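**Student:** Keeping their order, the protein sequence lines are chains A and B. Take the first sequence: its position 106, counted from the start at 1, is 231 in the working numbering, and no numbers get skipped. Take the second sequence: its position 76, counted from the start at 1, is 201 in the working numbering, and no numbers get skipped.
Worth flagging that the hints you see were computed from the coordinates, not collected in a lab. Don't take each hint at face value.
Stated by the list, open to error - Calculated Cβ distances over 12 Å to all of chain B for the following chain A residues: (1) Glu152; (2) Ala206; (3) Pro209; (4) Asp210; (5) Glu379.
As the list claims (entries may be wrong) - Have a look at the derived ranges for each label pair, beta carbon to beta carbon: (6) B:Ala168 <-> A:Glu385: 21 to 27 Å; (7) A:Asp321 <-> B:Leu182: 38 to 44 Å; (8) A:Glu385 <-> B:Arg150: 31 to 37 Å; (9) A:Glu151 <-> B:Thr384: 35 to 41 Å; (10) A:Glu315 <-> B:Glu271: 39 to 45 Å; (11) A:Asn262 <-> B:Ser316: 31 to 37 Å.
Predicted, not measured: the structure shown is a model, and the values here were computed from it. Every residue, glycine too, gets a C-beta built ideally from N, C-alpha and C.
Residues per chain are reported as follows:
Number of protein chains: 2
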Amino acid sequence: MRSEQKRVVIVGSGNVATSVALGLREECELVQVYSRHIENAQALASKVGCADATDDLRRLVADADVYMVSVTDDAIGEVVASVPDNGALWLHTSGSVPVSALAGARQRCGVMWPMQSFSKSMPVSMADVHVFVEGNNEATTAQVAEFAGMLSRNVTVADSAKRKRLHVASVFACNFANHMWTLAAEVLEESGLSFDALLPLIRTTVEKLEHLRPLESQTGPAARGDEKVMRGHMELLTGDKREIYAMLSRSIRESQRKTEDNGKNRV
Amino acid sequence: MRSEQKRVVIVGSGNVATSVALGLREECELVQVYSRHIENAQALASKVGCADATDDLRRLVADADVYMVSVTDDAIGEVVASVPDNGALWLHTSGSVPVSALAGARQRCGVMWPMQSFSKSMPVSMADVHVFVEGNNEATTAQVAEFAGMLSRNVTVADSAKRKRLHVASVFACNFANHMWTLAAEVLEESGLSFDALLPLIRTTVEKLEHLRPLESQTGPAARGDEKVMRGHMELLTGDKREIYAMLSRSIRESQRKTEDNGKNRV
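With the hints as constraints, model all of the structure from the sequences given.
**Tutor:** This is the structure in structure tokens:
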């Protein structure tokens with residue numbers, strides 16, 4: 126342990142708290158883990174080699190340098206309201222909660238949002254995660270950015286409005302794309318086919334993003350306006366999946382049409 | 126050139142024809158490339174070291190062993206109707222056209238469908254592509270499977286009904302997922318943010334598929350039923366994107382609910 130190491134308290138024990146704690150444990154002194162459920166606090170504390178676990182906000186260590194509040198969006202306000210300001214740096218890790226949610230109750234506060242989809246069963250190395258930071262003033266923003274730099278190579282300052290937009294975009298890019306895979310798996314499972322057959326296709330689709338914009342690499346019946354194939358597919362689908370097929374095919378046509386129009390204007 | 130090499134004619138010069146020809150050129154003798162447009166036929170022929178290019182179906186080499194018909198779905202029938210049967214193995218490469226489209230006019234015919242999303246600007250190595258094959262009878266099916274084995278390590282026999290289901294699934298898994306990235310890019314571009322910020326997130330989302338079923342790795346506001354965040358996101362969106370956000374969020378909830386119900390039933 127180096128003497129200049131920051132003393133950090135982890136408030137929360139969920140997927141983000143776990144990844145952040147794992148990412149910080151080499152760089153900081155993790156002095157305490159808090160969770161509403163003592164078993165969860167103890168489990169995370171032992172995982173990251175931290176001696177103190179608690180389920181009581183009144184027992185929170187008072188003299189740490191940084192408090193990482195990684196709890197559900199609604200619980201952030203409750204935590205901050207239950208603990209008096211101690212002048213330390215208080216950070217939350219939510220993409221959708223503005224910094225103002227802390228600023229009323231804390232002199233030095235900010236947001237350190239790792240834009241990543243975390244699952245407990247699949248720990249993510251924080252070093253490559255894009256982290257967006259914001260502080261309640263310029264000096265704090267610089268401190269948050271420096272602290273986040275211990276966790277990740279990719280740190281960008283982004284205010285709450287930009288973060289909200291990034292969050293919406295990540296819902297499309299990650300949550301909705303993943304749901305497309307769930308629907309594909311359902312289509313296959315109905316006739317005993319394995320989802321694994323799609324993995325090479327999915328990998329290539331993603332690799333293309335390294336070289337082409339997604340609009341440019343769009344393929345398939347909707348992109349080429351193949352009504353006959355689309356009708357055949359719709360006949361196979363029912364309920365939600367049928368509606369989604371129709372709506373997304375229309376939306377793909379619309380995006381392609383906009384590009385073609387732009388192309389024409391350019392010529 | 127080995128004496129036992131199959132003599133192959135490539136009919137078509139699009140993305141699939143190009144990838145198939147590139148994949149076969151080491152293993153077969155490519156004797157001719159046909160395209161409706163002679164420049165396209167010549168370009169592909171020269172790319173794969175084939176001496177003969179034509180834009181005239183009446184000039185098609187008559188004594189090849191295999192004819193790979195990689196043209197648009199609607200043109201497959203036209204090609205076959207314009208050329209008399211010569212007893213060779215005639216294959217099309219479409220996921221959505223049944224083998225019966227050839228069987229009327231050919232004694233030995235089949236389908237060799239590489240389930241992959243091809244773009245000319247991004248050639249795909251066929252060796253890892255999953256190829257689904259079918260013949261008009263058992264003996265031909267075995268020949269198609271053997272021929273496809275020269276192209277890919279992953280060859281599976283699948284009849285037209287299974288292929289259609291795989292095709293629908295691949296539209297969800299690849300075309301629709303890619304469109305989610307297009308919409309994400311639009312959301313970011315509206316405020317000058319770069320799509321590249323999402324790439325690490327997208328990569329992790331895909332890596333999870335190696336270990337978890339997509340339903341199990343689903344995260345985000347819809348999966349956890351976070352109405353407040355979803356309302357906030359909807360306020361930012363307009364038109365198509367707003368509708369799509371609402372519909373996919375409902376569909377994610379529905380998929381999660383079904384799993385939870387199953388979970389309960391299991392307990």
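**Student:** The structure should be examined with respect to each hint, and the outcome stated for every one.
**Tutor:** These are the hints, each one checked on the structure:
1. Glu152: Given a closest Cβ separation of 20 Å, the condition holds.
2. Ala206: holds (18 Å)
3. Pro209: Fine: 27 Å to the nearest Cβ keeps A:Pro209 off the interface.
4. Asp210: It holds; A:Asp210 is separated from chain B by about 26 Å at its closest Cβ, greater than 12 Å.
5. Glu379: The claim is violated: A:Glu379 sits with its nearest Cβ about 7 Å from chain B, within 12 Å.
6. B:Ala168 <-> A:Glu385: 21 to 27 Å: holds (23 Å)
7. A:Asp321 <-> B:Leu182: 38 to 44 Å: holds (40 Å)
8. A:Glu385 <-> B:Arg150: 31 to 37 Å: The hinted range 31 to 37 Å holds for A:Glu385 and B:Arg150, with Cβ atoms some 34 Å apart.
9. A:Glu151 <-> B:Thr384: 35 to 41 Å: Since A:Glu151 and B:Thr384 have Cβ atoms about 36 Å apart, the given range 35 to 41 Å holds.
10. A:Glu315 <-> B:Glu271: 39 to 45 Å: violated (30 Å)
11. A:Asn262 <-> B:Ser316: 31 to 37 Å: Violated, since A:Asn262 and B:Ser316 (Cβ atoms, about 23 Å apart) do not stay within the stated range.
Of the numbered hints listed earlier, those contradicted by the structure are 5, 10, 11.
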